[in-house]
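Asker: Sequence:
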Amino acid sequence: MGPSATADFYTKLIAHTPASVDQEHLRVVIWADPTVPNRQEAILADGPDPSPWLETGIGQLLRCGAEIIVVPCNTVHKYLPPLMDGKTVEFISIIETTIDSVHRHALSGPVGLLATDGALAAGIYQDALAEAGFDVALPSPEEQALLMEVVHQVKAGLSGPTLLRDMYSVLASLEQQGARTAVVGCTELSTLLSAESGAYPVKLIDPAVELAIATVSRAVKHTSAGPGLVDSQHPTTD
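Heads up: the sequence shown is residues 1 to 238, going by this note's numbering.
Incorrect hints may appear among the rest.
[To be verified] List of simulated lysine to aspartate or glutamate pairs, EDC-like, C-alpha gap at most 16 Å:
| # | residue 1 | residue 2 |
| --- | --- | --- |
| 1 | Lys-78 | Asp-127 |
| 2 | Lys-78 | Asp-117 |
| 3 | Lys-78 | Glu-96 |
| 4 | Lys-78 | Glu-55 |
| 5 | Lys-203 | Glu-175 |
| 6 | Lys-87 | Glu-55 |
| 7 | Lys-78 | Glu-41 |
| 8 | Lys-221 | Glu-175 |
| 9 | Lys-155 | Glu-175 |
| 10 | Lys-221 | Glu-24 |
| 11 | Lys-155 | Asp-33 |
| 12 | Lys-221 | Glu-90 |
[Claimed, not checked] Label-pair restraints from in silico Cβ distances:
| # | residue 1 | residue 2 | range |
| --- | --- | --- | --- |
| 13 | Gly-123 | Ala-19 | 32 to 42 Å |
| 14 | Glu-131 | Gln-176 | 21 to 31 Å |
| 15 | Glu-149 | Pro-3 | 13 to 23 Å |
Hints listed in this document are in silico derivations from the structure and should not be mistaken for laboratory results.
Note that the structure is predicted; figures quoted are calculated from it, not measured.
Note that the Cβ used here is the ideal one computed from N, Cα and C, for glycine as well.
Starting from the given sequences, assemble the full structure and let the hints guide the process.
Answerer: Here it is in structure tokens:
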């Protein structure tokens, strides 16, 4: 949930809002807290649990009058279900919206998955895809290490053709495993890869795009949110 991923999601939210003037856009409150402990370390290395920070962010959004809460980070969804349980606000899961899109748009064969080490260890997408009836193709350990290096470089503000070439090679390896569709299950990678470009070996499904589309769709159903109040709780990074 890094700053660039936050900004990228808001850009996607704007792009998928059917508005022709400023006043037709959604009212949005963004809670950005870069002090949230690293989710990778929490999952993989017994680091600090980010839940208290996430609970604080949720509380801040509720005090702002949130009717909808979305969190444009894949890995952090390991922690969100119990935190949202019992809340009266509507929560839109990036995992659920992505699985819905896979059902609608996936081509034949296993579904490739690009995700952080923490998300893979938690089984966030593997479990959801398996439950939905899809086989999953994963990068090799060496390719996963390359993917994580790309994620770290994007977090550091880097981009460019070298990173794109690295991700192309990872996607090509998924294609060799029979995948014709891949989920870009890290919001940092979503800032780098364009699912609409068609320039990759496999069809890409971008969870950040799917979440933005679902958010706009749900927001227009809320009397105070279309234009209304849509809230993005976005502490640090995948």
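Asker: Given the hinted pair Lys-203 and Glu-175, is their Cα-Cα distance within 16 Å?
Answerer: holds (10 Å)
Asker: Please test the hint of 13 to 23 Å on the beta carbon pair from Glu-149 and Pro-3.
Answerer: Holds, at about 20 Å.
Asker: Measure nothing beyond the straight line between the CA atoms of Lys-155 and Glu-175; if it is 16 Å or shorter, mark the hint as holding.
Answerer: Given pair Lys-155, Glu-175 is violated - Cα atoms ~26 Å apart, limit 16 Å.
Asker: Keeping to a limit of 16 Å between CA atoms, is the pair of Lys-221 and Glu-90 held or broken?
Answerer: holds (12 Å)
Asker: Within 16 Å, alpha carbon to alpha carbon, are Lys-78 and Asp-117?
Answerer: The given pair, whose Cα atoms are some 13 Å apart, holds under the 16 Å limit.
Asker: Starting from the range 32 to 42 Å, see whether the pair Gly-123 and Ala-19 falls in it by beta-carbon distance.
Answerer: 38 Å Cβ-Cβ, so the 32 to 42 Å window holds.
Asker: Next pair to validate is Lys-78 with Glu-41; report whether the Cα-Cα distance is within 16 Å.
Answerer: Holds, at roughly 13 Å.
Asker: Compare the distance between the alpha carbons of Lys-87 and Glu-55 with 16 Å, and conclude whether the hinted pair is satisfied.
Answerer: OK: Lys-87 and Glu-55 at ~11 Å, within 16 Å.
Asker: Take the C-beta atom of Glu-131 and the C-beta atom of Gln-176, compute their distance, and say whether it sits inside 21 to 31 Å.
Answerer: Check passed, 26 Å falls within 21 to 31 Å.
Asker: Under the criterion that the straight-line Cα-Cα distance not exceed 16 Å, is the pair Lys-78, Asp-127 satisfied?
Answerer: Holds - the C-alpha atoms of Asp-127 and Lys-78 are around 12 Å apart, at most 16 Å.
Asker: Please work out if Lys-221 and Glu-24 have their alpha carbons no farther apart than 16 Å.
Answerer: holds (14 Å)
Asker: For the pair supplied as a hint, Lys-221 and Glu-175, confirm whether the alpha-carbon distance does not exceed 16 Å.
Answerer: violated (39 Å)
In summary, the structure is inconsistent with hints 8 and 9 from the numbered list given earlier, while agreeing with the others.
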